[in-house]
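K.L.:
Since the structure of chain A is provided, determine the placement of chain B on it from the hints.
For the protein sequence lines, the chains are A and B, in the order given.
The opening position of the first sequence corresponds to residue 1 in the working numbering, with each subsequent residue numbered one higher.
The opening position of the second sequence corresponds to residue 1 in the working numbering, with each subsequent residue numbered one higher.
The set of hints was computed from the structure by calculation and includes no laboratory data.
None of these values were measured; they are calculated from a predicted model.
There's no promise every hint is true.
Below, a list of computed lysine to aspartate or glutamate pairs in the EDC-like style, where the Cα atoms sit at most 20 Å apart [what the hints assert, rightly or not]: (1) LYS176/B x ASP285/A; (2) LYS380/A x ASP145/B; (3) LYS23/B x ASP28/A; (4) LYS269/A x ASP287/A; (5) LYS41/B x GLU32/A; (6) LYS185/B x GLU377/A; (7) LYS23/B x GLU46/A; (8) LYS176/B x GLU281/A; (9) LYS176/B x GLU284/A; (10) LYS141/B x GLU281/A; (11) LYS380/A x ASP181/B; (12) LYS41/B x GLU33/A; (13) LYS176/B x GLU377/A; (14) LYS282/A x ASP233/B; (15) LYS23/B x GLU32/A; (16) LYS23/B x ASP337/A; (17) LYS23/B x GLU49/A.
Short derived list, chain B residues pointing at chain A, Cβ under 10 Å [as the list claims (entries may be wrong)]: (18) ASP33; (19) THR90; (20) THR94; (21) ARG107; (22) ALA120; (23) GLU124; (24) THR128; (25) ASN210; (26) THR230.
Each pair of labels, with its calculated beta carbon distance range [to be verified]: (27) SER19/B x GLY168/A: 51 to 61 Å; (28) ALA174/A x ARG47/B: 53 to 63 Å; (29) ARG94/A x ALA159/B: 55 to 65 Å.
For every residue, glycine included, the Cβ atom is placed at its ideal position computed from N, Cα and C.
These are the residues of each chain, in order.
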Amino acid sequence: MFDSLSSKFSKAFSGLRTKGRIKSGDIDEVTEEIRLALLDSDVALEVVESFIQKIKDRSLSELEEVNKGINPSQAVFNIINEELVSILGGSARRIRLAKKPPTVIMLAGLQGAGKTTLAAKLALYLKKQGNTPLLVASDLQRPNAVTQLQQVGAGVNVPVFAPEPGNGIGDPVAVARAGVKFAVEKMHNIVIVDTAGRLGVDQELMNEAIRIRDAVNPDEILFVVDAMIGQDAVRTAQAFLDGVGFDGVVLTKLDGDARGGAALSIVAKTERPIMFASTGEKSEDFDLFYPDRMASRILGLGDIQSLAEQAKSAMDSDTSEKLEKKFASGEDFTLDDFLSQLEAMKKMGSMTKLLGMLPGANSGAMKKQLESIDDNELVKTQAIVQSMTPLERNDPKVLNGSRRARIAKGSGRQVSEVNNLVDRFSQAQKMMKQMRNGGGVPGLPKGMQMPPGMGGMPSQKSGQTPPKKKSRSGNPAKRAAEQ
Amino acid sequence: MALFSKLFNKLRGGANLSSADWKELEASLLEADLGAALTAKILDSARKESGSAEESVLKTLRDSLSIADRSLHANSERPTTILVVGVNGTGKTTSTAKLANAMKKNRSSVLIAAADTFRAAATEQIQTWGSRLNIEVVAGKQNGDPASVAFDGATRAVAEKVDFYIVDTAGRLHTKQGLMDELGKIRRVIEKLTPVDEVLLVVDATTGQNGIVQAKTFIEAAAVTGLILTKMDGSARGGVALAIEASTGIPIKFTGSGEGIEDFQPFDAETYLQGLISDEN
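One chain only, chain A, in its complex shape (with noise of 0.2 Å):
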């Protein structure tokens, strides 16, 4: 997230950082560099130019103080990380739940900026917590955009009130007003009206939002923007905040490489949150948006809180409490155990995304590094086991020729690779033994003990032959659930 904002960043502290002593001048050079940053990552220039006075203004009026310092270029740095902070919002806000259920959010953005997607990403995230939210299918205008929300809402689980066909017939005013007396009458206590993508400057469409906002009198209006927009994003954000009006921003397609100037901008100018962000193709890639965390992010110091909580919540507590009481226990670490690693792993997201909150992530040769991994290691090697039986998983050492051939079969990989996975898993395996006499591995959260050199961390790519053939199981019904 944030890739090209953050080198730039650090480019332009590079230059600082060996400096002793900061003057006015190195302000100034500093300053332009990171103009220039953020310009070529979209923010308005408007917003760019009041941020670059701030940083200026701040800097040289604590100038005498920043070089009394241990570290004036950190002192520089933590004034921009702290002004970063403060116009991406400060601090993040919830959803604001009405006094009297059900609570109506309402979704309204440009064509393509992903509502229907966030909408049944949303409803995970509120169903998550307890609540019991119902999809409202109010975009009855883009083809199969109603189809469209009942499939990711059934793929959430969380009901989807549908009773127009869409395709330009119906009207969404109704449905969303109808959706509204639904809920009351099934007890949701949430309600979340997807509606039509619309123009900022399409005024028909601007008021059929207006009168559906009227309609159902939504305690929060959100606004869907895609992290990728461009000089537009002010002028649309305004639009909308004139129009149908917002009282938050979600952020959108944020596991691509460049957004960042929008966020500035829309936060800057429209003066309302960025509450959520959306970073994935599933429906699980949505959480808070922290300003804190994504300003270190631009800074390029990684985002460890995102990274902790997101291994916390994959590794449900069962898991890692009986893998531990194993541990203790002496009994073996069998291939089954760690079966269960990989899939909380991939609870987790995928290695790449993971990896890239880490701190120094954006650095040159950590970032060739990060592209060279491939997330479908953890796949072939989850294949492998899986192709398996009970007795080969409990004890790898019957796994004679004829038994690894048939895995390589069952699980589409080479020979090869399951005699790698298996020396590796018994090297582990003995590593473990010698832990158990001499502590755990350091650094590492409860349940997250990866022995060294397990199948999680894939090799590079080079010198290998790419992978044609997706990695499946011999048996249709493991086929099915790998999928």
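P.N.:
Chain B alone, transformed into the frame defined by chain A:
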């Protein structure tokens, strides 16, 4: 808000641009999403020119356009095969329908493959267009292999000797290597039966500078031959497309400007350039 005509009038009147005017000009160019680099280049040449600033700006913009052929590479011997690709939400499916409609109106036979098997209801979306336009759509299963849909379509396109075979693919972020590889696979599979003539990258006019990286990655992964610039009916001026042309040489071939099936035109450079520097949104 751009104030070009005001600025240009000032220039035509012989007044010298003050530094405030230059700043305003810079702001206008940046606001069109031309990017810092291209903006700096344009300003540089405008400063050097002695003639009208408008002409100088337009000239630099014109010079940034790709010199590549903007026509669709059609083949009369076999189905002209077109792959439509792009990041999520840019308007691939709508563009596919518009493109197919334009061809059908031209009395050509068209077959569409719904190779977006990933997004919920994407297949239904193109099928709805297909039945509205009376164009056949080859579809597969939700979450099925998109390459196999593309292959089935190609089989039919060749057997039925259609004039145009258009493959609508799933939106994918250029940062997802696995998904980018999938595009290569779709292409290879089609090419077992018939060559791919065009790979059109759909670029949303509201896209900012990330569009350049997007384009470069798609060009590398899928050998893009042209751009479709969509959502030109909004307030965004789509300057990033020019920045893409300038840095990659891949030409814009079509523009989309609305939700109507007819809101689709072959790219017209002068209209586009005038739009970039006009102060109307």
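K.L.:
Among the hints numbered above, which are violated by the structure, and what are their numbers in rising order?
P.N.:
Hints 4, 14, 16 and 21 not satisfied by this model.
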